[in-house]
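Enquirer: What follows is the residue order along each chain.
There are 2 protein chains.
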Amino acid sequence: MITYSQGCYLGVLGGMGPMAGAAFALRLAALTPADVDQQHIPTLLRNDPRIPDRSSAYMAGGENPLPYMVEGVRFLEQAGAQLIAIPCNTAHLWFDQIAASTRLPVLHIIQAVIEDLRRLGLPKGRIGLMGTAATLKLGLYQRHLEAQGYECIVPDDDEVERYCMGSIRAVKGNQLEDAFAPAAECIARLKARGADAVVLGCTELPLAVPHALRPSLGVTLTDSIDALARAAIAHYLEEQAQEQVAA
Amino acid sequence: MITYSQGCYLGVLGGMGPMAGAAFALRLAALTPADVDQQHIPTLLRNDPRIPDRSSAYMAGGENPLPYMVEGVRFLEQAGAQLIAIPCNTAHLWFDQIAASTRLPVLHIIQAVIEDLRRLGLPKGRIGLMGTAATLKLGLYQRHLEAQGYECIVPDDDEVERYCMGSIRAVKGNQLEDAFAPAAECIARLKARGADAVVLGCTELPLAVPHALRPSLGVTLTDSIDALARAAIAHYLEEQAQEQVAA
Numbered sequence: 001m002i003t004y005s006q007g008c009y010l011g012v013l014g015g016m017g018p019m020a021g022a023a024f025a026l027r028l029a030a031l032t033p034a035d036v037d038q039q040h041i042p043t044l045l046r047n048d049p050r051i052p053d054r055s056s057a058y059m060a061g062g063e064n065p066l067p068y069m070v071e072g073v074r075f076l077e078q079a080g081a082q083l084i085a086i087p088c089n090t091a092h093l094w095f096d097q098i099a100a101s102t103r104l105p106v107l108h109i110i111q112a113v114i115e116d117l118r119r120l121g122l123p124k125g126r127i128g129l130m131g132t133a134a135t136l137k138l139g140l141y142q143r144h145l146e147a148q149g150y151e152c153i154v155p156d157d158d159e160v161e162r163y164c165m166g167s168i169r170a171v172k173g174n175q176l177e178d179a180f181a182p183a184a185e186c187i188a189r190l191k192a193r194g195a196d197a198v199v200l201g202c203t204e205l206p207l208a209v210p211h212a213l214r215p216s217l218g219v220t221l222t223d224s225i226d227a228l229a230r231a232a233i234a235h236y237l238e239e240q241a242q243e244q245v246a247a
Numbered sequence: 248m249i250t251y252s253q254g255c256y257l258g259v260l261g262g263m264g265p266m267a268g269a270a271f272a273l274r275l276a277a278l279t280p281a282d283v284d285q286q287h288i289p290t291l292l293r294n295d296p297r298i299p300d301r302s303s304a305y306m307a308g309g310e311n312p313l314p315y316m317v318e319g320v321r322f323l324e325q326a327g328a329q330l331i332a333i334p335c336n337t338a339h340l341w342f343d344q345i346a347a348s349t350r351l352p353v354l355h356i357i358q359a360v361i362e363d364l365r366r367l368g369l370p371k372g373r374i375g376l377m378g379t380a381a382t383l384k385l386g387l388y389q390r391h392l393e394a395q396g397y398e399c400i401v402p403d404d405d406e407v408e409r410y411c412m413g414s415i416r417a418v419k420g421n422q423l424e425d426a427f428a429p430a431a432e433c434i435a436r437l438k439a440r441g442a443d444a445v446v447l448g449c450t451e452l453p454l455a456v457p458h459a460l461r462p463s464l465g466v467t468l469t470d471s472i473d474a475l476a477r478a479a480i481a482h483y484l485e486e487q488a489q490e491q492v493a494a
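As given, the protein sequences belong to chains A and B, one line each in that order.
First residue of the first sequence? That's 1 in my numbering, and the numbers climb one at a time after it.
First residue of the second sequence? That's 248 in my numbering, and the numbers climb one at a time after it.
Keep in mind the hints are simulated off the structure, nothing from the lab.
Incorrect hints may have been included.
[To be verified] If we take Cβ atoms under 8 Å as the criterion, some of the chain B residues that face chain A in the derived model are:
1) 266
2) 297
3) 304
4) 307
5) 321
6) 419
7) 420
8) 421
9) 424
Glycine is no exception: its CB is placed at the ideal position from the N, C-alpha and C atoms.
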């Protein structure tokens with residue numbers, strides 16, 4: 001249980017996309033141990049969808065989103081945030097630059113997913129990856145997972161375009177009913193290749209694959225929105241425990 | 248379709264409760280006509296659950312939430328909001344004082360619900376009400392609905408406590424699985440008494456009654472979260488139309 005006496009916002013750099021930012025805030029509330037409103041984590045969600053597309057910047061020479069993201073984090077810092085969460089996997093291609101632009105701690109979504117794999121009983125194993133073409137092409141997950149003893153199974157370029165990006169674009173275009181089938185096909189293919197778990201490594205993908213349908217897919221899934229929410233909650237619980245020791 | 252070129256946040260005074268604030272941001276994104284991230288409404292959600300309980304203040308002499316709400320609206324104004332939405336029905340007992348504290352327009356959730364009833368083909372009729380004991384006791388919905396030609400059907404005190412507050416407390420305590428049955432019982436009773444539609448007039452209630460289960464309840468429902476999101480979207484679309492006429 002978490003209680004607060006003063007300004008200590010979780011600052012959320014959202015809008016990438018806006019539904020993922022909102023879903024993060026919702027899952028944060030759902031996963032927080034709380035009996036009444038006042039025990040939830042005070043959150044400031046800046047859900048600004050005008051940040052230039054992260055994938056286009058890396059893959060097609062589009063406008064650089066970094067200055068917009070740095071401006072957003074500084075806005076949250078000035079508004080009273082004490083911790084930053086960024087519910088967008090592709091944005092983590094710029095993680096080091098974003099983290100260097102603020103004095104606040106910034107949660108790392110990939111590390112949160114790895115902690116979630118451990119929570120799910122997978123301290124090692126073969127992990128199937130789903131995400132944007134940019135996230136997968138630039139090895140964002142592969143680098144962190146392999147450094148921590150995992151093996152990665154990555155869809156080929158055609159599968160990424162058809163199943164991952166197809167599903168992600170449907171969520172971003174508010175066509176949720178078209179988002180499930182391509183995501184489920186990708187999960188089935190990764191499972192058939194021996195994945196012990198599949199990472200929903202783009203924050204649109206948890207919206208494409210509703211919680212209620214996940215047990216039917218027959219493989220462990222880790223959800224980058226939920227993993228980031230769990231990491232934020234753990235940070236607040238730990239801080240509170242330290243305050244109690246100090247008091 | 249909505250496009251933006253400069254700072255024009257929808258400011259959301261959330262946290263009452265935090266799941267309702269987040270659900271509002273999610274439904275706002277889901278109901279906005281948009282093909283890509285950049286066409287969504289830039290939103291700043293201050294999901295601060297430390298605002299004292301609205302019902303306790305009115306019903307049991309608890310701490311007054313008004314100074315906290317005024318402070319929240321001023322925060323959003325300073326942060327660049329151009330319009331305020333408050334996804335909490337009971338908070339609207341203080342609507343006039345909140346609106347008087349800011350130069351920004353503030354959407355009224357009850358008026359948004361009445362516009363939603365008209366959208367649903369009910370320009371008049373008998374409306375069953377659900378909400379907190381404070382909202383119902385103080386006639387928040389009754390006053391507005393009756394002034395606009397509707398007739399109200401209100402649960403008795405025991406039903407409000409058992410079915411409305413029972414469901415609302417389950418949502419606030421993160422026990423969503425316990426929230427549906429009491430809400431559904433109340434909806435059935437209001438329908439049996441002749442309601443043409445039932446208002447989910449507390450922002451926890453739409454979370455208790457998932458969209459997927461609503462058709463099975465056999466009566467028109469209006470959802471105060473969705474109604475408020477539609478009102479915000481309409482405001483932005485109208486403003487954009489005016490800008491295009493002016494250009």
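Enquirer: Evaluate each hint against the coordinates.
Expert: Here is how each hint holds up against the structure:
Using the Cβ-Cβ criterion of 8 Å, the hint placing residue 266(B) at the interface with chain A is satisfied: the shortest such distance is roughly 4 Å. Against a cut-off of 8 Å between C-beta atoms, the interface hint on residue 297(B) holds, since the closest Cβ of chain A lies about 6 Å away. Hint on residue 304(B) is violated. Least Cβ distance to chain A is approximately 13 Å, over the 8 Å limit. For residue 307(B), the shortest C-beta to C-beta distance to chain A is roughly 14 Å, which exceeds 8 Å, and the interface hint is violated.
Look at residue 321(B): its Cβ only gets to about 13 Å from chain A, farther than 8 Å, so that hint breaks. Interface restraint check: residue 419(B) against chain A, minimum CB-CB distance 6 Å, threshold 8 Å, status holds. Checking residue 420(B) against chain A by beta carbon gives a least distance of about 5 Å; that is within 8 Å, so the hint holds. Evaluation of the residue 421(B) hint against chain A yields a held restraint, the C-beta minimum of about 6 Å falling below 8 Å.
Hint status for residue 424(B): violated, given a least beta-carbon distance of 12 Å to chain A, over 8 Å.
Violation of the numbered hints given earlier is confined to hints 3, 4, 5, 9; the remaining hints are satisfied by the structure.
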